[in-house]
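S.K.: As a plain string of letters, each chain reads:
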Amino acid sequence: MAIRPLYDRVLIKRVAEEDRTKGGIIIPDSAKEKPVEGLVVAVGAGKPLKDGKIRPLDIKKGDRVLFNRYGGTEVKLAGEEHLILREDDVVAIVQ
Amino acid sequence: MAIRPLYDRVLIKRVAEEDRTKGGIIIPDSAKEKPVEGLVVAVGAGKPLKDGKIRPLDIKKGDRVLFNRYGGTEVKLAGEEHLILREDDVVAIVQ
Amino acid sequence: MAIRPLYDRVLIKRVAEEDRTKGGIIIPDSAKEKPVEGLVVAVGAGKPLKDGKIRPLDIKKGDRVLFNRYGGTEVKLAGEEHLILREDDVVAIVQ
Amino acid sequence: MAIRPLYDRVLIKRVAEEDRTKGGIIIPDSAKEKPVEGLVVAVGAGKPLKDGKIRPLDIKKGDRVLFNRYGGTEVKLAGEEHLILREDDVVAIVQ
Amino acid sequence: MAIRPLYDRVLIKRVAEEDRTKGGIIIPDSAKEKPVEGLVVAVGAGKPLKDGKIRPLDIKKGDRVLFNRYGGTEVKLAGEEHLILREDDVVAIVQ
Amino acid sequence: MAIRPLYDRVLIKRVAEEDRTKGGIIIPDSAKEKPVEGLVVAVGAGKPLKDGKIRPLDIKKGDRVLFNRYGGTEVKLAGEEHLILREDDVVAIVQ
Amino acid sequence: MAIRPLYDRVLIKRVAEEDRTKGGIIIPDSAKEKPVEGLVVAVGAGKPLKDGKIRPLDIKKGDRVLFNRYGGTEVKLAGEEHLILREDDVVAIVQ
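Protein chains in written order, with my numbering: chain A, 21 to 115; chain B, 21 to 115; chain C, 21 to 115; chain D, 21 to 115; chain E, 21 to 115; chain F, 21 to 115; chain G, 21 to 115.
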């Protein structure tokens, strides 16, 4: 099963373990979102603009990326967990 | 009864069982939305833009798609459950 | 009394019974909005755009439509319940 | 005292009694907003657009209109209750 | 001390007593906002548009206006209470 | 340490004492925001527009201004409290 | 591991200690956000505009900046805490 994300969405396979809040204690000063690392498996055609044109994404297939842990849609492909995110939820490319 | 979705809406027939949260336990780290698979039965003419033009949809009749489980409007056609969604609630095409 | 809806509003007469949630039990997995069927009695001149132009509606007088049950303004005409909705609350045309 | 509403606002004098929810019982299936009828006494010059132009209103002085009961600003003129509303809170013209 | 309001803000001196909700009883059917009357003492240069231009205000110095009681910033000038409001909080000019 | 505010932000030094709500009693009818007076120490290059251009600010270095007390970011410079605000939080220039 | 922030995001290394609310007491009149100082390590290509163009950022690599403490995504690089922020969360450049 091949997946083609729509518009500005990207399909990502996680490559990093999630850092979990140990013991569930809430610590306000470190409550910032920590990103998760992943490999871009497929990208959409681009973001639709107000005038109907499509702006291609900056992210390419094969990029290693950091993305926000919350948000996106989980999907299992060939037994492995993937995520479909909007490109805007990806914060950086790891080079 | 034939249905013509309006503008950027699409009519979808589910083809996948929904994964349910077993026992109703809430598990924060896996609370992401899981998509549901469906077959596109009909599509609207396109999304109206700010300047009054219509941008045709990327999704076509006959596409198999993944869409977010929440959102949309249920409608029963010939005894079968269908959904009318905005194209933006469809995250990917399955090829 | 004749009614002319303003801009992107439409006047609709219900033709379908509403499916009610029996006994008031909330069932999360089927909590999606179910549409109601209606007959379009009158339509507005169109939706005003950012540049001041008016985009004519896609819905015409005489169309049978599905619309979201919540939203809109009820009005009684000749003793019968009608609804004034924005065209965007109409999800599909029944053909 | 004469009132000139600003921009897309209109001055309306009520001509219909309000239907009140008898006894304050909340009935979910009929909780839709019911409009109130009024006579347009004065209208603003029009709605300001993004480019600085003004789009004239569709409503004219002397129109009988249906408007949503909630919203708007009450003002007493010559001992009678009037309302200043945005044109967008008026749903239809009664002909 | 002279005050020059910025952009689409106006400086207003109240000329009408506020009607107060006697005894704090909440009466739903008359909960609409009642305007307060004032005299325009100074106006800003205009509202900045998306393209960087400035649209001059419709309100002029010396106008008597009705404005919504809530919103705006109070400022005391020469011992008298004034208000700095956005022009959009002014609903009408009294002529 | 010199500070250059970014875009539509301005650096302000307070010159007026804040009026405090004595004893913490909440008085609804006078709950409007009271502005604080300050001196503009530095201004950003301007507000970025949708088309990528920058609209210069109306406020200049050396202006005495009234600004809303809530909002903005406090920063201590040479032992004195300053505020970094968006220009839109400044309501007027004192002349 | 090198990080390339996407679009209008910037990678920042903190250089200032955070001022903490001592003892957790909430003091309304000084509840304004205090900024944190940092060094810009990398910047994205720019902010995407409505028309598909990219507006380059004002912040450059090597700038010392003040940014709002809340918001952004923490990431550990070579054992040191960094932050990925949108440029709009940076309030000023320290010169």
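Derived by calculation from the structure, the hints in this document are not laboratory data.
Hints should not be assumed to be uniformly reliable.
As the list claims (entries may be wrong) - Output of the computed footprint for chain B on chain A, the stretches with three or more beta carbons under 8 angstroms from beta carbons of chain B:
#	segment
1	24 to 33
2	69 to 80
3	93 to 104
What the hints assert, rightly or not - Just the calculated beta-carbon pair ranges, DEER-fashion:
#	chain 1	residue 1	chain 2	residue 2	range
4	A	G99	B	Q115	14 to 20 angstroms
5	G	K96	A	G99	26 to 32 angstroms
6	B	G72	C	K81	20 to 26 angstroms
7	F	K81	B	A65	24 to 30 angstroms
8	F	D108	B	K33	45 to 51 angstroms
For every residue, glycine included, the Cβ atom is placed at its ideal position computed from N, Cα and C.
S.K.: Hints first: check each against the structure and report whether it holds.
M.R.: Tested hints:
no., hint, in the structure
1, 24 to 33, "holds (count 6)"
2, 69 to 80, "holds (count 3)"
3, 93 to 104, "holds (count 5)"
4, G99/A / Q115/B: 14 to 20 angstroms, "holds (19 angstroms)"
5, K96/G / G99/A: 26 to 32 angstroms, "holds (30 angstroms)"
6, G72/B / K81/C: 20 to 26 angstroms, "holds (21 angstroms)"
7, K81/F / A65/B: 24 to 30 angstroms, "violated (54 angstroms)"
8, D108/F / K33/B: 45 to 51 angstroms, "holds (49 angstroms)"
Of the numbered hints listed earlier, the single one contradicted by the structure is hint 7.
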